[in-house]
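Residue numbers (this note's numbering), protein chains in the order written: chain L, 3 to 400; chain Y, 3 to 400; chain B, 3 to 400; chain W, 3 to 400.
Read the hints as simulated data drawn from the structure, not as lab findings. A hint or two may mislead.
Copies of the same chain look alike in the list, so a pair counts if it works inside one copy or between any two.
[Stated by the list, open to error] Lysine-lysine pairs mimicking DSS-like chemistry, simulated, CA-CA at most 30 angstroms apart:
(1) Lys-19 / Lys-362
(2) Lys-329 / Lys-97
(3) Lys-55 / Lys-387
(4) Lys-19 / Lys-329
(5) Lys-97 / Lys-251
(6) Lys-329 / Lys-55
(7) Lys-8 / Lys-369
(8) Lys-347 / Lys-19
(9) Lys-97 / Lys-261
(10) Lys-369 / Lys-19
What you are looking at is a predicted structure, and each value in this text was computed from that prediction instead of being measured.
Residue-level listing of the chains:
Number of protein chains: 4
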Amino acid sequence: MARNIKVEELFQTPVEKQRIELVERKGIGHPDSISDGLAEAVSRALCREYISKCGAVLHHNTDETQIVAGRSSPRFGGGEILQPIYILLVGRATKEFEGVDLATESVALQAARQYLKNTLVNMDLERDVIMDCKLGTGSSDLRDVFKRDRIPVANDTSFGVGHAPFSELENLVYNTERQLLTDLKSRMPGIGEDMKVMGLRDGEDITLTICSGMIGRYIDDLDSYINMTQEMQTYVEEMATRYTERNVKVCINTGDNLKTSSIFLTVTGTSAEMGDDGSVGRGNRCNGLITPNRPMSMEATSGKNPINHIGKIYNLLSTQMARDIVKQVPEVQDVYIRLLSQIGKPIDQPLVASAQVIPKEGTSFAKVKAEAEVVMDDWLSNVTKITEMVIKGELDTF
Amino acid sequence: MARNIKVEELFQTPVEKQRIELVERKGIGHPDSISDGLAEAVSRALCREYISKCGAVLHHNTDETQIVAGRSSPRFGGGEILQPIYILLVGRATKEFEGVDLATESVALQAARQYLKNTLVNMDLERDVIMDCKLGTGSSDLRDVFKRDRIPVANDTSFGVGHAPFSELENLVYNTERQLLTDLKSRMPGIGEDMKVMGLRDGEDITLTICSGMIGRYIDDLDSYINMTQEMQTYVEEMATRYTERNVKVCINTGDNLKTSSIFLTVTGTSAEMGDDGSVGRGNRCNGLITPNRPMSMEATSGKNPINHIGKIYNLLSTQMARDIVKQVPEVQDVYIRLLSQIGKPIDQPLVASAQVIPKEGTSFAKVKAEAEVVMDDWLSNVTKITEMVIKGELDTF
Amino acid sequence: MARNIKVEELFQTPVEKQRIELVERKGIGHPDSISDGLAEAVSRALCREYISKCGAVLHHNTDETQIVAGRSSPRFGGGEILQPIYILLVGRATKEFEGVDLATESVALQAARQYLKNTLVNMDLERDVIMDCKLGTGSSDLRDVFKRDRIPVANDTSFGVGHAPFSELENLVYNTERQLLTDLKSRMPGIGEDMKVMGLRDGEDITLTICSGMIGRYIDDLDSYINMTQEMQTYVEEMATRYTERNVKVCINTGDNLKTSSIFLTVTGTSAEMGDDGSVGRGNRCNGLITPNRPMSMEATSGKNPINHIGKIYNLLSTQMARDIVKQVPEVQDVYIRLLSQIGKPIDQPLVASAQVIPKEGTSFAKVKAEAEVVMDDWLSNVTKITEMVIKGELDTF
Amino acid sequence: MARNIKVEELFQTPVEKQRIELVERKGIGHPDSISDGLAEAVSRALCREYISKCGAVLHHNTDETQIVAGRSSPRFGGGEILQPIYILLVGRATKEFEGVDLATESVALQAARQYLKNTLVNMDLERDVIMDCKLGTGSSDLRDVFKRDRIPVANDTSFGVGHAPFSELENLVYNTERQLLTDLKSRMPGIGEDMKVMGLRDGEDITLTICSGMIGRYIDDLDSYINMTQEMQTYVEEMATRYTERNVKVCINTGDNLKTSSIFLTVTGTSAEMGDDGSVGRGNRCNGLITPNRPMSMEATSGKNPINHIGKIYNLLSTQMARDIVKQVPEVQDVYIRLLSQIGKPIDQPLVASAQVIPKEGTSFAKVKAEAEVVMDDWLSNVTKITEMVIKGELDTF
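Looking at chain L on its own, in the form it has when it is part of the complex (with noise of 0.2 angstroms):
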């Protein structure tokens, strides 16, 4: 059957010439960001745990973590957690098939309080934190859907979005938080997963807002932090030089109050040991970024299983199908996808699969929707490789 796939060319100022643009960030320690991490580790770790049992995935949706802030008394040189930080894994799960009981509670609480060692490393997971769970069994009308031989139909009338390329400013923003927590923080720990980086352009200026939790056990004194931020301004500046020729100014942790030595300090890393709750869907979009310049989807990414769920695989999906017709279709200045579903409906056989496409000036329309359309019939067409990338880790989905 042939895929209502609409391609359209798109008459619009392309976000790299528009005057103000807004990208965030928020990096990996941020609430919102654990949320994201703890949901999507626990459906990864309920795929493998189903394809090991039961030899396929089975109906699961795990994306509704809520984490509640917990008390802190950050010091430099070291601090305490008061109050744990207390986290609850939300969702469905099947927990019996043909007759075998499955251990999904037991993978989950593994797979979180894994997923969360490995990426707060300053967090004493024995007295930090308390993570709780509460998994339900799914509606049982949703389960015949994942049957192996076939494409799964739709659980859901939902839309993904997806677009391509990043502008200088996405790739700024992204960047600055990858590095500043791979490569900087290998020589500073004192660097807290916890990251905000707020990127606005006015023109050719850009200016970076960075919001930072630094670890007190790492930092002797004010004048030491007050060392590391600008070491940290210095890199960021130096880095940005490779993204773009524009001007970067970088402002890092500018609530600070160094008079009252009321700044942005903790004991773990992480605004959720004080203050901060956090919750799935509510950060990036599955490229890593919020961009209210560009179309968006509110469906949290995260946690849903990667067989079924739109809100999942057409985010991902489109994303992919972007990025693949800008690299395939050199004409392609800027190009947004919009995959929508209906409920029961072959996933391959979306209700529509929309692109608008801006190309570049002096370029035909025409050849690049041609291309651009079999680019997006390909994926389409092999749209159960995204379930494969997301159960392989491939795939980022914050």
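Could you slot chains Y, B and W onto chain L? The hints should help.
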């Protein structure tokens, strides 16, 4: 101090003229909307309590309600909840002020139970719901911003987004849910509050896919069910002619399988009774819609305090600004507002207040620019009016 | 099969003639008693639900309610709960039977809330209490004992203990709480349900130490409070003369410090609102008392299923046996019953049914022995009568 | 001030000579014992934390841990937990002292997890257990009793009970569990910590009914299981000869049905993994036993603070007193101690300190009385020694 207001002209096909447009609205009984509603009800109750006991709103942030679905056994003519829905109210709130202990948790609990009673009229709060509550105390650093005699400073580096006017499809989707759940439901009590309206416009053809949880006790049998959905369809088709002259196709509960009687039947009117969890901030934006053809903010508007929480104030404010610009500047075809704060700066002085305007054909942008700036500057001068409107319950948040 | 009934003569100073005797009763609003009452209310509701839906009581055990105290701000003429009491209903229950899903959690929740409403009349269930519920499914091995057409087998190797008759002090302590909370409270609503009566008899002198949580809204000021406690004292002193000719001294709220107004004032009538947690099985034995001069069982009677749970059935049964022996065998001064089961054996065939009898002076033990054996054998032959009485609510459990 | 010490002679058949005697001990892995152990571990950790941070033990009471059983799939050679055991630590603790915030919840969490790790060596804390914690703040009225330079006043009107010496059966039951879980388990790791030893003496015949949860991973098959229980039986029979010359019959896991392989097999060594909930204060008294032929207190000894909580101190103290009287007054056959406090009075001045003594035949009660009074008065003069011993971990509480 002059404000950093930037109004630019946007060269872009207006959404109304793009080929593909998607618009979604989650009804007030959708698990995500219930979370939004509870979060906002709790915040409003705390505002009232704080004002009554302390003369001013104190620091709080209750934007993280988590709903864990229950288990139910829906049936025509009846049905029952087997396992109650579990609802966890999450957030921060000031519990003591100048020596007075404040009943934050009790006020929150009562407000949440009252909201649920008013919103889901078929839910039996004595047996269908467990309402739990974890409200921590906030970061003390934030507390001094709640002084009454000056403009509060931003609690975060964050942004809000708004647009106007609504497209035809936006109007249609919004009003479909509203009128089904107010007008038609008054005559047809079997319509559940859990509804999802997905609008797709492909050129001149609109498809409304409506997913609506029906309430078993008001429906005798499958025939009655089918009659009901047909009546709903007719109702929406007629209603639609008031909003558009385009072709409108209405699909209701397309996921149903009438042969196997696998239909969207509920006991209480919400799928939270069986299988669908819910969170704050994952559904409708503060204008009541999810619009992937428009810029959006990821910030949850519901539940945040209306004094200094940018994620709430700037979303509401930018929506008000956009609507006023359209009202007062007739040359505006479409306007997009983005307001960006910087933590610690007064909320009437955003880091940038950006408007992107698509003027109507044949009009002067220069005039539009000047008038839009006035509207924006006026609103920023009176930013605390948003606070007042929220407390009075004059602004919807989802 | 003959039963292993052993009646022995006990050479012992009867409690009534020992010098020191201690007896305690916790009132129905004491946090431990609330837990007992909730556990039993839930079990009774489940029994009714199972009978109504399946024709027989199914396996359950709900003997583990946990109360976590709230926080309150009591005041004369008012007061309020600041943080709700958190109550967790815990246990096991059959959730599915021959293809029928059973509403165990919802039934439990409703029964518990109803019990609380009836028992603590000044508690506002909308804002003062969070009622949570964790009911697991039971061990499937136990399920087949619930067949209706034969004597159930014991679920455990466990024992029950009972004695009769009550001593003067036991009668006095029991009735003090009962009459204060029924008769006097009807005229003096400020008496809270949370009461503890501690009776000490030293020879011919009895001291009743009564700890009683008063309810602020019914009391104007400290003078009224003092008047109330004095009126209560007078009431108990007069009442005591109906139960004993010994000297009775009554002390009410001796922990109060009137100078600092540090008194036992509450909002709701129970100290669970502020600082006192509660658990099942830690208060009164099934005869309503705690009696360290008597043999006791540690088993919680409340909340266990009345079909095969020895910890419940044998405590109730031994108490009934003891009372019947005293009634039917006038030569008995004191009798102590101990019934020991062995897991997997029919409950009418205890491993041992032991009676220790102190005959009245000058009577024949041989006659007593024979008659006591008959009473015990009769009761064991009709052991399921205990089950019926429990389900009908004819037997108190605390 | 002279103490109200009352020593009376008890005319009574000593337990050793009564026909029927019952004694029970729950092993350290029984869900009720785990609760006791966790409660006490948390209290001890808080004592240490308070002393370390504030120089004195502060008010706390953590005597209410609730265990909600999980779900497991035990198997020979392996098995796994399907749903983690949920453990809720409950109580009150001081969280702030003279401006210092104290890490009460984190200390409690860490101590509880550590205790579990040490006690249930086959439990995987990363996937088998959810440890939750709800510690409120205490009633402020109680706080001033924790001053260091004088005798604390009683927190409650309450009593403690103790007796000595142990009967043969008491010794036998106690040591059966101890030696199985230390000596034999060191060679036979398949013995689980969840054990219940029920001793029945009928004249000269003793029956020990032992219920012992075996650990699947150490047992190959049903034959190995049967061999193990037989080896345990032989071990106990031999051991018993060191404690008694009476006939001893040993029954292990009589509830097993070998034909249907319905046996007491576990994954972790405790039935809390599947179907058995647990609470504090419902198992062993502080002497390690449940003895329905002896006076007992209902008060939970574990988890209460050792400074002023009568329910703990007087139970431990009366047991120490009884043991010392037996040691120092050779004419004593049996002694029963009961100590009753009155709220607000110094704990070295009980309302009554009662001893009931059965002298050995042919001895003088007068001499016994005088000497017992000295022992009791000495202990009351040094009552805070109990506090010290508790903090140092020198006194068992269950």
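Here is how each hint holds up against the structure:
{"no.": "1", "hint": "Lys-19 / Lys-362", "result": "both (13 angstroms within a copy, 21 angstroms between copies)"}
{"no.": "2", "hint": "Lys-329 / Lys-97", "result": "neither (43 angstroms within a copy, 55 angstroms between copies)"}
{"no.": "3", "hint": "Lys-55 / Lys-387", "result": "within (22 angstroms within a copy, 48 angstroms between copies)"}
{"no.": "4", "hint": "Lys-19 / Lys-329", "result": "both (21 angstroms within a copy, 28 angstroms between copies)"}
{"no.": "5", "hint": "Lys-97 / Lys-251", "result": "neither (52 angstroms within a copy, 40 angstroms between copies)"}
{"no.": "6", "hint": "Lys-329 / Lys-55", "result": "neither (39 angstroms within a copy, 61 angstroms between copies)"}
{"no.": "7", "hint": "Lys-8 / Lys-369", "result": "within (14 angstroms within a copy, 37 angstroms between copies)"}
{"no.": "8", "hint": "Lys-347 / Lys-19", "result": "between (39 angstroms within a copy, 28 angstroms between copies)"}
{"no.": "9", "hint": "Lys-97 / Lys-261", "result": "between (56 angstroms within a copy, 27 angstroms between copies)"}
{"no.": "10", "hint": "Lys-369 / Lys-19", "result": "both (24 angstroms within a copy, 22 angstroms between copies)"}
In summary, the numbered hints that this structure violates are 2, 5, 6.
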